[in-house]
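Participant: As a plain string of letters, each chain reads:
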Amino acid sequence: MTTTIEELATPDVTPGPRSTPRPRRRKVASYSIFRVVMLTLVVLTFLAPLVWMVLASFKTNVDIYNPAAALVFTPTLGNYETVFGQANYLQYIFNSFWIGFASTVLSLVLGLPAAYSMSRFVMKKSAGLVLMARVIPGVSLLVPWYFIFSNLKLVGGYEVLILSHMFVALPLIVFIMMSFFDSLPVELEEQAQVDGLTPIGAFLRIALPLSVPGVATAGILSFIFSWNNFMFALVLSGSKTKTLPVAIFDFVAYASIDWGGLMAAAVVITVPIMVIALFTQKYIVSGLTAGATKG
Amino acid sequence: MKHHSVLKVAGLGAAIVVAAGVLTSCAASGAGDNEGKAEGSSTLRVTLANHVWTDIVKEKISDFEDESGLTVELTQLGEDQLSDQYNVKLNAGSDEIDVMMYRPLQEGKLFAENGYLADLTDRTADGGDWDFDDFQAGPVEATTYDDKVVGVPTITEQEVLYYRTDLLEAAGVEVPTTLDELEAAAKAVSEANPGVAGFVARTGKSAAVTQFSSYLFSFGGDFIDKDGNSAIDSPEARKAFEYYGGLLHNYGPENVSTDMSWPEAAAIFAQGNAAFYTDASSLYKNLTEAENSTVSDSVGFAPFPEGPEGSKPYNVPSWALGVNAASENQDNAWKFIQWATSPEMTLEIQQAGVPGARDSVWANEEGTASFPADLAKAVAIGSETGVGYDRPLVKSVAEAREIVGMPIVVAITGGDMDAAIAEAHEGFQKFLDGEK
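First to last, the protein sequences are chains Y and L.
Residue numbers for the first sequence follow our numbering, so the first one is 1 and each next one is one higher.
Residue numbers for the second sequence follow our numbering, so the first one is 296 and each next one is one higher.
Treat the hints with care, since some could be wrong.
Claimed, not checked - Simulated crosslink set (DSS-like; lysine-lysine; CA at most 27 Å straight-line):
| no. | chain 1 | residue 1 | chain 2 | residue 2 |
| --- | --- | --- | --- | --- |
| 1 | Y | Lys240 | L | Lys630 |
| 2 | L | Lys500 | L | Lys404 |
| 3 | L | Lys500 | L | Lys690 |
| 4 | Y | Lys240 | L | Lys534 |
| 5 | L | Lys725 | L | Lys404 |
| 6 | Y | Lys240 | L | Lys404 |
| 7 | L | Lys690 | L | Lys580 |
| 8 | L | Lys630 | Y | Lys153 |
| 9 | L | Lys534 | L | Lys725 |
| 10 | L | Lys353 | Y | Lys153 |
Calculated directly from the structure, the hints in this document are not laboratory data.
Keep in mind it's a predicted model, so treat the numbers as computed, not measured.
Take these sequences, add in the hints, and give me the full structure.
Facilitator: Structure (structure tokens):
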């Protein structure tokens, strides 16, 4: 999904020669042609695999491999029937959604106060420690995690998946929110305390409502990460708690691959997250750049 | 001061909650263990790979549950995911898997050496009517480690020659029975049909190794010699590299990619763009079913062509069932394996098109009726003359395949074979020394 984010961010990142005083007309024209060409190129590059995926999800396996049937073919809904009938994808969609939702909400509950305190009461070491969690590759933790969780008889349940996804979500939220809180003027909270609020009250009633855009960004990103996470779910989920990225591999069998079903499942996985990203892109972009330019 | 006390209280509270949680779970799991040890849990945890074999077994599991009074908890995964799971779970000493489906040649040696697989020697010997002697020798060899039986082969495969009946007929070419004839036929058909490749096969460094092995054996070569040293610089091996790569270089698809595995190679054949294709017998449905193939009506099958040393295709168990050594439910796990590999089940599964490992089923007409007649014949010949492995038998198979597969790719691209073989030989020898 990172591609989507980059893609969405592209228009905002374009530098602004507009700010150069009195540009010449010819320059403007050639610049806008250049801009259109480059944008088209980027968009096409990113869209091509998606378009291919959607088209392939309506094809039979023979047509998928046939270059002559790339655009002209007899569409079939068979692949989607497999996905929702035989393959029981509604269950997996629920699993992914529930795990993403719960891990995001819990990470927000824990991460917002943490980020706030790290921002307000200089706690560089804690911040560094949280950053460590982002630096350590998740795969190196899988074996110890599995060992601990299987001794606790938790493997295969939702709890362990939610916990493991929080491991990714929590540092992300803390880091986005730290820079967000840094950019809020302390004076507001000091004033609130003068008016009789406790420090916690000032956080809850003043700082939090002001940082809703940041919270939205952090929440959406952490949900996207959870939705796309494959590795943790592969080892820690059970047959009833399988998430979408793991379930998609059921279409790859030994000596036979159901490409059509695979592509239909990929569409089912991608569409919800793309819709969420499209509707919330302004938060994602503003949140990502929040604090980026502070001195 | 206020912050501090709040933080302290919160921290203490969290610590207490965590500690309490851990203690209660330990207590709970301890109780569970004792129960389990008494007479084996009535829930059997079975992990299987995505395969037609699994689909058939899955449908029948309720029969097993009725017979045995056990409840089967089935986990089903793709082969690579399954492998990852085993590596994590078995490494952690998990008892959460009782029956495990695994690839004897890819990971059997590693699993056996790490003690993941329970010793089944006594159980297979006392099989009675189940009759372990009925299993083909090659596959059984692959599921035996240090003279101990650690698995029961379920699915076998041999390398066969797929060809296009219509193209051969039109070009007036006989079905090749030797490798020399194959080369001549590939040449003739590709010249008669511009745009159609004479021959296609796997080209990926690692993927091609297994399919290249039959060529290697038929030329009289091997990956490792009797003393455990690299044998890939022998004159026979060199001929095999040059032959396999040469076929693809001269008569393969134009601008052939050098990272094709079976899905890509089979697709070229299935789209009608190649006349000959050598690969595993288990793939035939990708070529003979109309939903996968545009040439489904004109696919022919022949035994692997003879080389200087005769026709020596691999005949291997691609999958086997084993018992997790850490499982506390081994008696019941064995019951499941006996049920799933019984002569009746093997026959039924083979009738659905999955080649099994039992001689009696191959000797039975009912057992071969579902296969295209020529394919059944090719497989039967292959199982007689076949070699029991199709890749170097080492612990880190994936790494070994990367090394010995390199000269194949160089041969396909028409590069410097002297340098390639020397480099691969040296690398492989170093690798083997490291494993000793």
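Participant: Each hint should be assessed against the structure and marked as holding or not.
Facilitator: Status of the hints after comparison with the structure:
1. A distance of roughly 25 Å separates the Cα atoms of lysine 240/Y and lysine 630/L; the hinted pair therefore holds under the 27 Å criterion.
2. Distance check on the hinted pair: lysine 500/L and lysine 404/L sit about 22 Å apart at the alpha-carbon level, within 27 Å; holds.
3. The hinted pair formed by lysine 500/L and lysine 690/L meets the criterion: a straight-line CA distance of about 18 Å does not exceed 27 Å.
4. At most 27 Å may separate the alpha-carbon atoms for a hinted pair to count; lysine 240/Y and lysine 534/L exceed this at roughly 52 Å.
5. Of the supplied pair hints, the one linking lysine 725/L and lysine 404/L holds, its CA atoms being roughly 19 Å apart against a limit of 27 Å.
6. Straight-line distance between C-alpha atoms of lysine 240/Y and lysine 404/L comes to about 32 Å, which puts the hinted pair past the 27 Å bound.
7. For the hint pairing lysine 690/L with lysine 580/L, the CA-to-CA distance comes to about 31 Å; that exceeds 27 Å, so the pair is violated.
8. For the hint pairing lysine 630/L with lysine 153/Y, the CA-to-CA distance comes to about 25 Å; that is within 27 Å, so the pair holds.
9. In summary, the hint linking lysine 534/L to lysine 725/L is supported, as the alpha carbons are separated by about 23 Å, within the 27 Å threshold.
10. In summary, the hint linking lysine 353/L to lysine 153/Y is supported, as the alpha carbons are separated by about 26 Å, within the 27 Å threshold.
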